[in-house]
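Going down the list, the protein sequences come from chains A and B. Quick note: the first sequence uses the working numbering, first residue 1, plus one each step. Quick note: the second sequence uses the working numbering, first residue 1, plus one each step.
Calculated from the structure, these hints are not laboratory results. Check each hint, because a few of them may be wrong.
It does not matter which identical chain is used: a pair holds within one copy or between any two.
[Claimed, not checked] Below, in silico cross-link-like pairs of lysine to aspartate or glutamate (DMTMM-like), each with a Cα-Cα straight-line distance of 25 Å or less:
1. K13 / E232
2. K9 / E114
3. K71 / E12
4. K27 / D130
5. K35 / E114
6. K133 / D24
7. K27 / E114
8. K110 / E34
9. K27 / E78
10. K71 / E38
11. K276 / D231
12. K110 / D24
2 protein chains.
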Amino acid sequence: MKRTQLVEKIFEKGTFLCVGLDPDSAKMPPALAEKGCEGLLEFNKNIIDATAQYCVAYKPNLAFYEAFGSKGYEVFEETCAYIRNNYPEHMIIADAKRGDIGNTARMYAKALYEGAGVDAVTLAPYMGEDSVKPFLSYEDKWAIVLALTSNASATDFEMVSDSKGVPLFERVIRRSRHWGSPVNMMYVVGATKAEYFDAVRAVAPRHFLLVPGVGAQGGSLEDVCRHGMIDECGLLVNSSRGIIHASQGDDYAEAAAEAARVMAEQMTVLLAEYAK
Amino acid sequence: MKRTQLVEKIFEKGTFLCVGLDPDSAKMPPALAEKGCEGLLEFNKNIIDATAQYCVAYKPNLAFYEAFGSKGYEVFEETCAYIRNNYPEHMIIADAKRGDIGNTARMYAKALYEGAGVDAVTLAPYMGEDSVKPFLSYEDKWAIVLALTSNASATDFEMVSDSKGVPLFERVIRRSRHWGSPVNMMYVVGATKAEYFDAVRAVAPRHFLLVPGVGAQGGSLEDVCRHGMIDECGLLVNSSRGIIHASQGDDYAEAAAEAARVMAEQMTVLLAEYAK
Numbered sequence: 001m002k003r004t005q006l007v008e009k010i011f012e013k014g015t016f017l018c019v020g021l022d023p024d025s026a027k028m029p030p031a032l033a034e035k036g037c038e039g040l041l042e043f044n045k046n047i048i049d050a051t052a053q054y055c056v057a058y059k060p061n062l063a064f065y066e067a068f069g070s071k072g073y074e075v076f077e078e079t080c081a082y083i084r085n086n087y088p089e090h091m092i093i094a095d096a097k098r099g100d101i102g103n104t105a106r107m108y109a110k111a112l113y114e115g116a117g118v119d120a121v122t123l124a125p126y127m128g129e130d131s132v133k134p135f136l137s138y139e140d141k142w143a144i145v146l147a148l149t150s151n152a153s154a155t156d157f158e159m160v161s162d163s164k165g166v167p168l169f170e171r172v173i174r175r176s177r178h179w180g181s182p183v184n185m186m187y188v189v190g191a192t193k194a195e196y197f198d199a200v201r202a203v204a205p206r207h208f209l210l211v212p213g214v215g216a217q218g219g220s221l222e223d224v225c226r227h228g229m230i231d232e233c234g235l236l237v238n239s240s241r242g243i244i245h246a247s248q249g250d251d252y253a254e255a256a257a258e259a260a261r262v263m264a265e266q267m268t269v270l271l272a273e274y275a276k
Numbered sequence: 001m002k003r004t005q006l007v008e009k010i011f012e013k014g015t016f017l018c019v020g021l022d023p024d025s026a027k028m029p030p031a032l033a034e035k036g037c038e039g040l041l042e043f044n045k046n047i048i049d050a051t052a053q054y055c056v057a058y059k060p061n062l063a064f065y066e067a068f069g070s071k072g073y074e075v076f077e078e079t080c081a082y083i084r085n086n087y088p089e090h091m092i093i094a095d096a097k098r099g100d101i102g103n104t105a106r107m108y109a110k111a112l113y114e115g116a117g118v119d120a121v122t123l124a125p126y127m128g129e130d131s132v133k134p135f136l137s138y139e140d141k142w143a144i145v146l147a148l149t150s151n152a153s154a155t156d157f158e159m160v161s162d163s164k165g166v167p168l169f170e171r172v173i174r175r176s177r178h179w180g181s182p183v184n185m186m187y188v189v190g191a192t193k194a195e196y197f198d199a200v201r202a203v204a205p206r207h208f209l210l211v212p213g214v215g216a217q218g219g220s221l222e223d224v225c226r227h228g229m230i231d232e233c234g235l236l237v238n239s240s241r242g243i244i245h246a247s248q249g250d251d252y253a254e255a256a257a258e259a260a261r262v263m264a265e266q267m268t269v270l271l272a273e274y275a276k
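Please put together the full structure from these sequences, using the hints given.
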């Protein structure tokens, strides 16, 4: 997917919502959970049908599929195919957080871009350029590099400053931003760290930011927009549990649609206010 | 697997070799490569049978299986099962380099420890403690955290010093070493950085180190042992391509056995010299 297409969709639909597909069978209706992988796929399809009009992207998290082994990996592939076939204008982000040396990174890129057919992959930057570059050689595909994550222990390493006072997450952005460009790279910046969006925008003024942590993790959508939004929006805000498990009953799809609708409505207002 | 069992095996067999199972179909005999996933499994089984007496561990690299999608993930599972059933005293290390927030990390731990039945998983530390802790709650299972990797761009972040002059890889070890202990944590330290093993041993004197980069990547086995070996050995040295693709012809298994035998023979000598 091209950046221009993504930006166009965001303004056309008035939403920059990404729905995280991290289905947890313990939070699914028991009758569905009992069906194992088949139930997982049915759940995803219903969630996707219910939320597609309110979002521009889906982000399946590989761990929730691999937990079911190869059959689960198949559900991941089938979920991607379902989105691609039925909602071809939605971006598919594989939340994989892969990161390995060049020859291995090439294999992961092949698996996710060519095999599963996703548009973007989240990547861990620890090993440096070798581990990201292979994901930048595909046309209209995106590498989404972890910068500042939404979890508590982001302080362990990401926020530690170097001898010049530059925290690691900022160094990651400074160093990596020219490996690709704002048309094929994004950064993960957690909503729970809204006060850092100014620092991120100082070094990545045009990049899209993939923002987890709104909702269940406590980040404020308005704060994120105030500090992170640019004229072309530049934000994909993810919500997973808050949408897909809004209800644990049989009305899960309706509840997901409603939760997504509420977020999209807020986003329409925020786009009018901050996208300039 | 318990540390005492691992140490016992190393001295009993006179080897601390880990064989990396990163099968690249472009380097396999064409007749086997043409068989796709079936050929991949056959290749692995023959490599395992040929090398088991010369090594104490196998390290399948997930990327090389995921590149074949869910069918490839199944080959990964079948490879683990083959080792477990036929060579139960060998450690199985899933080279996955996963790293994500707690609820996701728990899913990966479930996938790899419970599903595939491996003994150990490699992990990227970028996101901090949350992303490693779930892998430390299983008895006799190991979290292997990336410290200093063997690739060229390890200099991008891993070797950058903080305001007190401590490089990131050392900070990772200092901070993480008490999340677990030397009986359930190891660190990845690349053989191409042999001069850093003294610094690593200063902060992790008892931990096992998983060492890639000997062979194809140019690291010296003797240098690694001189600077990194301890009385209980404390090293698992990995070789992947140098063993499994020692020959690209039909004699690949015999060639792998011979390459592994040569390394194991050197290791026996080095154990006598440096394990004290």
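Taking the hints in turn, this is what the structure says about them:
1. K13 / E232: within (14 Å within a copy, 62 Å between copies)
2. K9 / E114: Within one copy only: 24 Å inside a chain, 42 Å across chains, cut-off 25 Å.
3. K71 / E12: Neither, since 37 Å and 39 Å both go past 25 Å.
4. K27 / D130: Intra 39 Å, inter 22 Å, cutoff 25 Å: inter-copy only.
5. K35 / E114: between (29 Å within a copy, 20 Å between copies)
6. K133 / D24: between (32 Å within a copy, 20 Å between copies)
7. K27 / E114: between (32 Å within a copy, 21 Å between copies)
8. K110 / E34: Only across copies: K110 and E34 sit 18 Å apart there, 33 Å inside one copy, limit 25 Å.
9. K27 / E78: This pair counts as within: shortest intra-copy Cα distance 21 Å, inter-copy 30 Å.
10. K71 / E38: both (9 Å within a copy, 17 Å between copies)
11. K276 / D231: Within one copy only: 4 Å inside, 64 Å across.
12. K110 / D24: between (27 Å within a copy, 13 Å between copies)
In this structure, the one hint that does not hold is number 3.
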